[in-house]
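Visitor: Now for the letters of each chain:
There are 2 protein chains.
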Amino acid sequence: MEKRYLEIDEWKIVEEGWDPANHMKSESIFSIGNGRMGQRANFEETYSGNTLQGSYVAGVYYPDKTKVGWWKNGYPEYFAKVLNSVNWIGINISVDGEQLDLNACAVSNFRRELDMQHGLLSRSFDVKFTNGKTLRIDSKRFLSLVRDEVGAIAYSFTPVNFEGAVVVTPYLDFDVENHDANWEEKFWDSVEERVAAQKGTVTAKTKKLDFQVSAAMRFEVAEGDQHITLYPNTDQREKFVSNTVELRVEQGKTYTIYKYAGITSSMNYKTKDLALAADTLASEAMRDGFDALYEEHANAWLEKWSTSDIIIDGDPAAQQAIRFNIFHLFQTFTGVDPRLNIGPKGFTGEKYGGSTYWDTEAYCLPFYLSTTDQSVARNLLIYRYNHLQKAIENAEKLGFTNGAALYPMVTMNGEECHNEWEITFEEIHRNGAIAYGIFNYVRHTLDRDYLHEYGFEVLLAISRFWAQRVNWSEARGKYVMLGVTGPNEYENNVNNNFYTNKMATWTMAYTLEVIDELKENHPDAYAKLVEKTHFDEETETKEWHEIIANIAIPFDDKQQVYLQQDGFLDKDLRPASSLAVEERPINQHWSWDRILRSCFIKQADVLQGLYFFEHQYDKATIRRNFDFYEPMTVHESSLSPCVHVILASRIGYGEKAYELYLRTARLDLDDYNREVHEGLHITSMAGTWMSVVQGFGGMKIIKEKLVFEPLLPEGWKALHFMLRWRGAVLKVNVTHSTLKVENVSDVEAEFHYGPHVHRVAANGEIKLELTK
Amino acid sequence: MEKRYLEIDEWKIVEEGWDPANHMKSESIFSIGNGRMGQRANFEETYSGNTLQGSYVAGVYYPDKTKVGWWKNGYPEYFAKVLNSVNWIGINISVDGEQLDLNACAVSNFRRELDMQHGLLSRSFDVKFTNGKTLRIDSKRFLSLVRDEVGAIAYSFTPVNFEGAVVVTPYLDFDVENHDANWEEKFWDSVEERVAAQKGTVTAKTKKLDFQVSAAMRFEVAEGDQHITLYPNTDQREKFVSNTVELRVEQGKTYTIYKYAGITSSMNYKTKDLALAADTLASEAMRDGFDALYEEHANAWLEKWSTSDIIIDGDPAAQQAIRFNIFHLFQTFTGVDPRLNIGPKGFTGEKYGGSTYWDTEAYCLPFYLSTTDQSVARNLLIYRYNHLQKAIENAEKLGFTNGAALYPMVTMNGEECHNEWEITFEEIHRNGAIAYGIFNYVRHTLDRDYLHEYGFEVLLAISRFWAQRVNWSEARGKYVMLGVTGPNEYENNVNNNFYTNKMATWTMAYTLEVIDELKENHPDAYAKLVEKTHFDEETETKEWHEIIANIAIPFDDKQQVYLQQDGFLDKDLRPASSLAVEERPINQHWSWDRILRSCFIKQADVLQGLYFFEHQYDKATIRRNFDFYEPMTVHESSLSPCVHVILASRIGYGEKAYELYLRTARLDLDDYNREVHEGLHITSMAGTWMSVVQGFGGMKIIKEKLVFEPLLPEGWKALHFMLRWRGAVLKVNVTHSTLKVENVSDVEAEFHYGPHVHRVAANGEIKLELTK
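For the protein sequence lines, the chains are W and P, in the order given.
Oh and the first sequence: position 670 is 669 in numbering that gives the first Met the number 0, straight run, nothing missing.
Oh and the second sequence: position 346 is 345 in numbering that gives the first Met the number 0, straight run, nothing missing.
Careful: at least some of the hints might be erroneous.
[To be verified] With a straight-line Cα cutoff of 25 Å, these simulated SDA-like cross-link-like pairs (lysine to any residue) come out:
no.: 1; chain 1: W; residue 1: Lys-350; chain 2: P; residue 2: Trp-182
no.: 2; chain 1: P; residue 1: Lys-71; chain 2: W; residue 2: Gln-587
no.: 3; chain 1: W; residue 1: Lys-66; chain 2: P; residue 2: Lys-207
no.: 4; chain 1: P; residue 1: Lys-64; chain 2: W; residue 2: Glu-349
no.: 5; chain 1: W; residue 1: Lys-655; chain 2: W; residue 2: Leu-572
no.: 6; chain 1: W; residue 1: Lys-618; chain 2: W; residue 2: Gln-587
no.: 7; chain 1: P; residue 1: Lys-730; chain 2: P; residue 2: Asp-745
no.: 8; chain 1: W; residue 1: Lys-557; chain 2: P; residue 2: Glu-473
no.: 9; chain 1: P; residue 1: Lys-66; chain 2: W; residue 2: Tyr-351
no.: 10; chain 1: W; residue 1: Lys-477; chain 2: P; residue 2: Pro-574
no.: 11; chain 1: W; residue 1: Lys-64; chain 2: P; residue 2: Val-67
no.: 12; chain 1: P; residue 1: Lys-477; chain 2: P; residue 2: Leu-511
Calculated directly from the structure, the hints in this document are not laboratory data.
Small disclaimer: the values here were computed from a predicted structure and weren't measured.
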């Protein structure tokens, strides 16, 4: 962990004092977004120091030519990059010909603040130019949660010790770079620039795929609340427009540039309408004004918090962290558009490209299921449904037939982007997570219609994949699954990974259940699906039954634990605690072969399976496997601690649970992995939420029933979280001795605690004493 | 196999008729080289069609920045590229302002010929310019085997139907590209250009590592044997010099440009002397003249053939092929310089980079041992000795200690260049081949001094590596070796690969033998070595003994075969013959995961072990394993068929042996894999030699004794090959009924046939009837 430089505050992230060494981290941490767009906390004004410029438009990407050492048949031709897009925030400020540049000028009283409750980024500082002239700067900006193609900035400056001229240049710049471009290319070509007094638009298109994005700006300047009449000089060049205004300023007075941007993409408009639409948005925003825009935006945030907030009583650092995580999850994905998904870095960086990993189903879905309208989770599922044909084509490339689907490891549009054989072709458990997502959605919402409308086709295609992916081992008299990479990516190309085999047979079993349900309740719909999918029910389901009954499940009789894969016990088994500090993280110090042949585990693998299928395993089994695997786990994935927190809570390992929770909760705020400058770990933030709600809060679904089994960390006085459950909204309050469930909706709900079932009436409340 | 376009001739490769589609193939096939330099059969004159320009100087390479999709700790920073170097052959010809260009002019009577007996490339054709003027061209060139920094060209033209002006421009051009540059850079920077009438030099250096190469040219022009006085215009620019001469020519007369090049590199000269040395070489070459140079060169080739030729009576295509292979092996490596080695493409292309793979010890060493002075093989071994320190450092990067060495997979200077984890870090059996090379050299030559002078240190370092690379499996009660890639690269990251485990324990056992021998015969030298290597004999050898005694060797009791690796029998076992034709080669049609989990074998793996250690296995064992593995082998490495030819011959599978031989013998001449345009498969040519001599000729070494066990293909009347054996030179002649061994040296030799030992007196001869 880096030295903490941010202040602890329950609702805010605060950076006091200017240290350029922290700036790129803060650019990530203070990012703003509204699900449609995102913006790193880059400065409005010129900055000549180290920076990662990032302005992202959801769904717009670049298929950068794949870079590999040695090409292997089947590799994808491209890797979809999250695209740095138009710089819409830019406002250059100069005094006597010198640019305001925090890397060049003297800075004091610097403060940066992210108000998570209202979604506002603000910044203030004093800046002294070479000639001694000093400005006080105060800037605020947000990306509207209500008008999700609008951004607004109020950039104020006050001459502290002079009067005279200040030159301001608001601009739009599309001549931007992607840090991670494989061949050092720029990805955008100019389409059109237009500029006039106090406004301008730039439109650009991607060099491949012809995505178009337009940005429009409008701006005005006021002294206090007095509007100033401007006579700007306009400028334009390829991919760039600006206005330059020389303002005559008086000492001690405050001048504010209000800049409004409309940003539209060809995801949502015809290209011919794009620039006009952007300009209309900017123009309407300016008409309504910064304060009104902000008010509607802040209210929308308060509304989000009202059904999603978590309160941790007694641990301000944890309180700040959990809100930070919830805040960024909502900034990344609001669920209104089923074409969008949750990238590992959201809108906070370029790393990992793509938008969708198995993180979505395995880690993010529970968060959205519990905190938002069920349409949001449904849209996440429909995203995969819409990619089914591409997943089938992807499987065909790998030799599969008969409508078998392999969903991609990383994708933007359903096509595979990853290019390491051991992941791309072998980390196939991702397919299982997508099936599990359907199961999890249906048991949480009881939206059973989803199954015949969408779910069955996906489940069938995945089951078909599994059925073809195993083979019969004559020698062993079992079905085996050879050559896979499990969730623990510190093993590659292994045979009979417990987790993958489990996911495979579980998918088939669940699909069989769904078939029975459809035949019973929706026979007509089912008949149509059978025809559409050329489903030979008798033959195919017979094969599934055989595989389910005869799959190889590696198990050690002596220790009574599931084995991560064939041959796991041949390893030199030793605890991660035996590793020297200077060898950790091992992925930065060991060569890959050494990692692979070691016993050390990157993230939950067998335990991931036990977490998903907790309803199938008793506590003794969970404990034995936890005791065997967790000590060998190095948790070098940000997705690792959460599952362990939950299982540890379940088996009463409170101290262990809290220790692991600390590794996930403030991962980015405290920059544990020294990589936060590249962006935030968005999807693992959902894992942190799971740690709190499913771990300490003890929320779980067992046989379609809601169950609480809380275990509060010792230092916490109380935990309060919200839960949407089949139409009801529950406020759950856990202390060391009580469990209170308040139903703040008009829908009755029921939950289990211990052996008892409890009904909470609409707008009712139940308070229980916890058994020890 | 492509349609054969080359004529069958026992000593020549002949291409009749001009088809541009064949040109790049011919550029590879007709390459010339002398161990110090190589030159693809590019045209002297301008050629605007598809071409791979290639002019290579041994030992000079470029460390191109590694290109990988996802960086893994331990990857090398660079990949050493074989460097396309100065174009020294260039002679532009123009008539009335039009360039002679076979891609633009009308061509007839084209013939290209490579005289393998004398090492001469020649080419003739008629070329008609747009204006109807026709030239007859006749060009010859060679790289002198005697003066290995000299190339000579005699380029003749005869005006067929006109008199007037022909403009000729001999030049040197260092402004060249590497086709395989990762970032599309040029690798050479100019150092100096000088030009004067009838001569010029260019010197360039590599952008990294500062290799320098100078090329000098001298030229003159004659009409018949009449020297023509020239008044050339000189030209120079960066990395380029030329002379341009306008010749007044008469119809029907023949004009010849004699161009001599001297090419020197900083491998062999101080940089300040480089250009002068090159010019001196060119000047001396011109002084001696083309005919004299050629005579000494051709005689040197005849001398080489006198102890290496193979005669196949009754199969002209096989006859041509085996000479083609021997010819290119000698063009690639002559053994005079222990800093040089045998790249997979020799001097015929860029592909695979590097100069040295395990091919050298496993496939090439036997050829050089049998056909050249033993100093040549010794130099190949010393090459590795000289890289020992780097191999130790390489192992340290992977976490090994105490002087353990891991030799690189691909190298120029001892540093690892390969960048795929499953190869770089896991294909560690290469280490065993290097130990085996020492064993093979010593048993062939009885040069036991090599062991204390060089061999022991290498053996010790490799044994130390193996001892650290295994681990004790508590569950199995055996030492295991996890996470390796065997010779069959269609399996990655497997456990207990039979071949690798065998090589490991064999290395330790052989090192123990060598220790005993050194202690007995060279106790003082041994004591010094112990000190130098900090060898704790007692502890370390005790550990080796334990590992040897307790290594896991996967074996199937039921079928009594060694298993390629743990779990091999879990695969869907089926013969390669069950693959659809359109799926082959599978590496071009299947995704990598499918290849990995299939049973299909790229090249000999278990069988490679049985080949190396034939003296330890009985014929029934070889037959059982051959019967089990060969049917699953797809032979998609050029190194695969040879080992199978040898084993098939040994177990009496004559038809199978010949079928497989056909796949290796004319691999390049008939372009089986449709890739000969990229260069020739130099190292597998040595495998072809092994197929003939060790397979059909039945030559083997069992317990340090020379044994013949021939099995001639049915269609062959007789096979004649040469063999250097412990100072003797043997001519071996095999027919279907006789074995004749003629000793053409002054050293007595002995060999075994069946149960009997036979002594062949100096200059004597023994002829035996073969038992059926």
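Visitor: So, for every hint listed, does it hold in this structure?
Guide: To see whether the hints hold, each was checked on the structure:
1. A hinted pair counts as satisfied when its Cα atoms are at most 25 Å apart, and Lys-350(W) with Trp-182(P) qualifies at roughly 22 Å.
2. About 8 Å separates the Cα atoms of Lys-71(P) and Gln-587(W), which keeps this hinted pair within 25 Å; it holds.
3. Taking the CA atoms of Lys-66(W) and Lys-207(P), the gap is near 23 Å; set against the 25 Å cutoff, the hint holds.
4. With a CA separation close to 23 Å, the supplied pair Lys-64(P) and Glu-349(W) stays within the 25 Å bound.
5. For the given pair, Lys-655(W) sits about 21 Å from Leu-572(W) by alpha-carbon distance, which is consistent with the 25 Å threshold.
6. At most 25 Å may separate the alpha-carbon atoms for a hinted pair to count; Lys-618(W) and Gln-587(W) exceed this at roughly 35 Å.
7. Annotation: proposed proximity of Lys-730(P) to Asp-745(P) holds, straight-line Cα distance about 13 Å (limit 25 Å).
8. Taking the CA atoms of Lys-557(W) and Glu-473(P), the gap is about 13 Å. The hint holds against a cut of 25 Å.
9. Between the alpha carbons of Lys-66(P) and Tyr-351(W) the distance comes to roughly 17 Å, so the proposed pair stays at or under 25 Å and holds.
10. Between Lys-477(W) and Pro-574(P), the direct Cα distance comes to roughly 21 Å. Compliance with the 25 Å bound is thereby established for this hinted pair.
11. A distance of roughly 13 Å separates the Cα atoms of Lys-64(W) and Val-67(P); the hinted pair therefore holds under the 25 Å criterion.
12. Distance check on the hinted pair: Lys-477(P) and Leu-511(P) sit about 21 Å apart at the alpha-carbon level, within 25 Å; holds.
Hint 6 from the earlier list is the only one contradicted by this structure; the remaining hints agree with it.
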